[in-house]
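Protein chains in written order, with my numbering: chain A, 1 to 528; chain B, 1 to 528.
Treat each hint with caution, since some may be false.
Stated by the list, open to error - Computed footprint of chain A on chain B, listed as stretches where at least three residues anywhere in the stretch have a Cβ under 8 Å from a Cβ of chain A: (1) 314-327; (2) 330-339; (3) 428-438.
Just so you know, these hints were derived from the structure itself, not from any lab. Glycine included, each C-beta is placed from N, C-alpha and C at the ideal position.
2 protein chains.
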Amino acid sequence: MFNTLFMHMLRKSFVFTLLISLLATAHAEVAHAQQWGVYELTLKGPDTGNPFTDIQLIAEFTQGNRLVTVNGFYDGSGIYKLRFMPDTQGSWHYTTHSNTPTLNEITNELVVGEPAKGNHGPVKVNATYHFAYSDNTLYRPIGTTAYAWIHQGDLLAEQTLKTLANAPFNKMRMTVFPKRYEWNTNEPVLYPYEGTPPNHLDFTRFNPTFFQNLEKRVQQLGELGIEADIILFHPYDKGHWGFDRMPKAADDLYLRYVIARLAAYHNVWWSLANEFDFLKEKTTSDWDRFFHIVQSNDPYNHLRSIHNGTLIYNHTLPWVTHASIQNGSATEDHGRAILYRDVYQKPVIFDEAKYEGNLPQRWGNLTAEEMTLRFWEGTVAGTYVGHSECYMDPKEIIWWAKGGTLHGGSVARIAFLKKILEEGPNEGLEPIDKWQDCPFVGKRGQYYLGYFGRETPKTWPFSLYKAELKQGMKFKVDIIDTWNMTMTPVDHIFVLKKPGKYFVGDVNESKISLPDKPYIALRISRIP
Amino acid sequence: MFNTLFMHMLRKSFVFTLLISLLATAHAEVAHAQQWGVYELTLKGPDTGNPFTDIQLIAEFTQGNRLVTVNGFYDGSGIYKLRFMPDTQGSWHYTTHSNTPTLNEITNELVVGEPAKGNHGPVKVNATYHFAYSDNTLYRPIGTTAYAWIHQGDLLAEQTLKTLANAPFNKMRMTVFPKRYEWNTNEPVLYPYEGTPPNHLDFTRFNPTFFQNLEKRVQQLGELGIEADIILFHPYDKGHWGFDRMPKAADDLYLRYVIARLAAYHNVWWSLANEFDFLKEKTTSDWDRFFHIVQSNDPYNHLRSIHNGTLIYNHTLPWVTHASIQNGSATEDHGRAILYRDVYQKPVIFDEAKYEGNLPQRWGNLTAEEMTLRFWEGTVAGTYVGHSECYMDPKEIIWWAKGGTLHGGSVARIAFLKKILEEGPNEGLEPIDKWQDCPFVGKRGQYYLGYFGRETPKTWPFSLYKAELKQGMKFKVDIIDTWNMTMTPVDHIFVLKKPGKYFVGDVNESKISLPDKPYIALRISRIP
Numbered sequence: 001m002f003n004t005l006f007m008h009m010l011r012k013s014f015v016f017t018l019l020i021s022l023l024a025t026a027h028a029e030v031a032h033a034q035q036w037g038v039y040e041l042t043l044k045g046p047d048t049g050n051p052f053t054d055i056q057l058i059a060e061f062t063q064g065n066r067l068v069t070v071n072g073f074y075d076g077s078g079i080y081k082l083r084f085m086p087d088t089q090g091s092w093h094y095t096t097h098s099n100t101p102t103l104n105e106i107t108n109e110l111v112v113g114e115p116a117k118g119n120h121g122p123v124k125v126n127a128t129y130h131f132a133y134s135d136n137t138l139y140r141p142i143g144t145t146a147y148a149w150i151h152q153g154d155l156l157a158e159q160t161l162k163t164l165a166n167a168p169f170n171k172m173r174m175t176v177f178p179k180r181y182e183w184n185t186n187e188p189v190l191y192p193y194e195g196t197p198p199n200h201l202d203f204t205r206f207n208p209t210f211f212q213n214l215e216k217r218v219q220q221l222g223e224l225g226i227e228a229d230i231i232l233f234h235p236y237d238k239g240h241w242g243f244d245r246m247p248k249a250a251d252d253l254y255l256r257y258v259i260a261r262l263a264a265y266h267n268v269w270w271s272l273a274n275e276f277d278f279l280k281e282k283t284t285s286d287w288d289r290f291f292h293i294v295q296s297n298d299p300y301n302h303l304r305s306i307h308n309g310t311l312i313y314n315h316t317l318p319w320v321t322h323a324s325i326q327n328g329s330a331t332e333d334h335g336r337a338i339l340y341r342d343v344y345q346k347p348v349i350f351d352e353a354k355y356e357g358n359l360p361q362r363w364g365n366l367t368a369e370e371m372t373l374r375f376w377e378g379t380v381a382g383t384y385v386g387h388s389e390c391y392m393d394p395k396e397i398i399w400w401a402k403g404g405t406l407h408g409g410s411v412a413r414i415a416f417l418k419k420i421l422e423e424g425p426n427e428g429l430e431p432i433d434k435w436q437d438c439p440f441v442g443k444r445g446q447y448y449l450g451y452f453g454r455e456t457p458k459t460w461p462f463s464l465y466k467a468e469l470k471q472g473m474k475f476k477v478d479i480i481d482t483w484n485m486t487m488t489p490v491d492h493i494f495v496l497k498k499p500g501k502y503f504v505g506d507v508n509e510s511k512i513s514l515p516d517k518p519y520i521a522l523r524i525s526r527i528p
Numbered sequence: 001m002f003n004t005l006f007m008h009m010l011r012k013s014f015v016f017t018l019l020i021s022l023l024a025t026a027h028a029e030v031a032h033a034q035q036w037g038v039y040e041l042t043l044k045g046p047d048t049g050n051p052f053t054d055i056q057l058i059a060e061f062t063q064g065n066r067l068v069t070v071n072g073f074y075d076g077s078g079i080y081k082l083r084f085m086p087d088t089q090g091s092w093h094y095t096t097h098s099n100t101p102t103l104n105e106i107t108n109e110l111v112v113g114e115p116a117k118g119n120h121g122p123v124k125v126n127a128t129y130h131f132a133y134s135d136n137t138l139y140r141p142i143g144t145t146a147y148a149w150i151h152q153g154d155l156l157a158e159q160t161l162k163t164l165a166n167a168p169f170n171k172m173r174m175t176v177f178p179k180r181y182e183w184n185t186n187e188p189v190l191y192p193y194e195g196t197p198p199n200h201l202d203f204t205r206f207n208p209t210f211f212q213n214l215e216k217r218v219q220q221l222g223e224l225g226i227e228a229d230i231i232l233f234h235p236y237d238k239g240h241w242g243f244d245r246m247p248k249a250a251d252d253l254y255l256r257y258v259i260a261r262l263a264a265y266h267n268v269w270w271s272l273a274n275e276f277d278f279l280k281e282k283t284t285s286d287w288d289r290f291f292h293i294v295q296s297n298d299p300y301n302h303l304r305s306i307h308n309g310t311l312i313y314n315h316t317l318p319w320v321t322h323a324s325i326q327n328g329s330a331t332e333d334h335g336r337a338i339l340y341r342d343v344y345q346k347p348v349i350f351d352e353a354k355y356e357g358n359l360p361q362r363w364g365n366l367t368a369e370e371m372t373l374r375f376w377e378g379t380v381a382g383t384y385v386g387h388s389e390c391y392m393d394p395k396e397i398i399w400w401a402k403g404g405t406l407h408g409g410s411v412a413r414i415a416f417l418k419k420i421l422e423e424g425p426n427e428g429l430e431p432i433d434k435w436q437d438c439p440f441v442g443k444r445g446q447y448y449l450g451y452f453g454r455e456t457p458k459t460w461p462f463s464l465y466k467a468e469l470k471q472g473m474k475f476k477v478d479i480i481d482t483w484n485m486t487m488t489p490v491d492h493i494f495v496l497k498k499p500g501k502y503f504v505g506d507v508n509e510s511k512i513s514l515p516d517k518p519y520i521a522l523r524i525s526r527i528p
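Could you put the whole structure together from the sequences, leaning on the hints where they help?
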């Protein structure tokens, strides 16, 4: 509503505006930024009243005919900020608009240069079921979860970052709001609002220090090449602070504030909620509204999804970019995991497939073998799987909630899988023979990655689904022990015979001897 | 468009209309019908020009403030018909409206009595994932498919009906248009259009004899308690007749004609297509439009779905009443089948789960054991599975396409399953412990039906998911050999101990000995 009124006001004062902006341009020094970096404009403004709700501030960034509108925010102590992530290089111009004169009609040129090393821009959906960075570099999500890692103070946060620097993960699920749950009864170091914690907080006045910490952590993740899957709401509160049951107006104000602060970070994803259906105070129409707010306030169209408890949100809706799924058993079997792809026709990430650990809860006591199996089954279904770890700790520092260090056995195996994927085709792996219980994913005619899961076959007769295959093509095979992390080339070149009705085998009907153990995979690659 | 113009015309002639209708009422004898039966009004009208496109005929049936508008149709030889299926008893009144005077303003009272014995009315969605007849009698779909059974002549059709009379099936998937495919190269006995077959048919002139035969078959199925899952389009034509590539106007005319003729039959379901995505001439927007036409022309809101090839239609759309799924491997495992329920939050019918038979095609060569397994896995997932049979035949009479007789081994086992279901709770069976690889479906606290599939456990420690269970409750167990069709009561009464974190067992930690064979199920029933 503000926007409409305000734009009307703007148009009325066009001549004045023009004058001011010419003057401003004449005075300012040209600003500089990096592509997909954060350009931050800091302004001094009023600190009386409630600047979070009283003061409106936006900036219009233009490049040729393109217009990107960015929301500013109040950062406390009379400081206002605007953050912009330019997605192209070259010259941009901006002008601020505000209902307070000192913040209004500030204008300048912004010259955008090359991105910082390692910054490939925001991740987007690619080839329907997969992801790529904005520079088209393939992105294969290998996520972990440490929901409340930013709320545990600097010491633990720094340790978490150190752990991540040596781990295979390139996505982190994390909450904005603190978390209250079993083994999570400590109060956070900072609160997102002013007021008296825990339950006399003023939902109209944010605590900038809290958000500065959040941003620092998001940026640090970015430097490690990790996407921050920001969980905007969650049910692990139950009224203790009341972030799960704020009034509608407070919810909406919060979303706009978070987006204004965070959207300019290239590595941000929006997860509307964790276990959204467990937030009993919210309705489906609330979630739809939240999606609309996120979509209309985020100038960069960061990825958006919502994670379920026992009821799944309708991920076919157009504002959902990918399906973020919790399911306790779907990733035990590629034939299950694959089904979500078909119904959503979007990328599928099993952000919660149970966790490795030793908690009494069955969602938190997978063996390392079972956590690893879920990554492989999900992979050969053409989907993506998330990790976390729940080993009991005398100080209640459990990775899944607080970060710290990793103790489990699956991390090394996930790193091993990641390496194998990086050696494969530079594109998302697709199911080879859909709905036929086929354990192979890959690129037909070129590359096949198969996984036998808990089965322990002694041999495998060389046989591939015939699509894209021709008599005489040659393949080599590697036997992968996904648990012991070995890769053993088969000393044989397989030459295709004439394809049958569905499958094609080797001219010599060759079979491959397998180690009679579970967790065995095959990599089959075409050779010229 | 007609309707709008026509209603406008009607209003203009209101006084005249009133006069006519008073006169007509004075003369007519009161008509009689049965609830959910077909009331058919036969009228004489013009037989010149093209009555299929020139003459418009509707009737408005009213009961109190309720108005049901019914489309009439031309039945050839100057005969026009209107069919109405009253869904309530008591007095109704109707008035016809037409752009031809002889068919216009015919009015009468219709007195509706009790339904015919065995007629429970149309099937509707019930309890989100299940079905019930309109009189609230539970309906558990146990379907089969004989796509083109109505096109094979009377002799074979009568044999098919005889087979069905002794089979467990209560739903038949069948096409309106004839089918051309491997083993289906014979021309149909009748064509749906006038003209010179195969490919000089006039898509603006229907062949009433063809549709009279279709209706007779639908009615005969109804008398056997079988729902007719009418497939409106299919790809098994490839331009031979061209029913798969008619112009838009012909598609729409066809849909309105079929619905006008068939909607009054209580046992009709609309399947927009078989393998819709294989109809390469149609787009998603065509299918959406077809759904809208069906929905707006069917006064009774019969069930609507659309069956896929390799691409699934978005069954979350509001005009889809249930998901009709083809998938070659989903019903091999309850943990797969169940996933469709959650994403659609509608009933799921696996209308094509591969078929029992010995065709070279892998969709048509399941063993009887594997066909039976699919019924059980689907059942313990809270979904429904369809049967068909594809045994090669010297005369190419294969049940799946032409009907005839059944040769396979799964039918008897499906009948055995049906009997077990009928002995169970009078409501749809629900997953007991969703997403946890739990093979039990039922009614928590009362009734549990579990299935071990291909596994051959030697014992089963009595253990149920704890929801709705309390210490001291008593249960009896039957061991079901689903293949050999035996039901063996366990000679023990199981008494629940104190529930654990997730499960509850027997006070004596009792285990059940199982026959060390595949295809074993358990029925666990509470006793007072």
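Okay, the hints, checked on the actual structure:
| no. | hint | result |
| --- | --- | --- |
| 1 | 314-327 | holds (count 4) |
| 2 | 330-339 | holds (count 6) |
| 3 | 428-438 | holds (count 4) |
The structure fails none of the hints (numbered hints given earlier).
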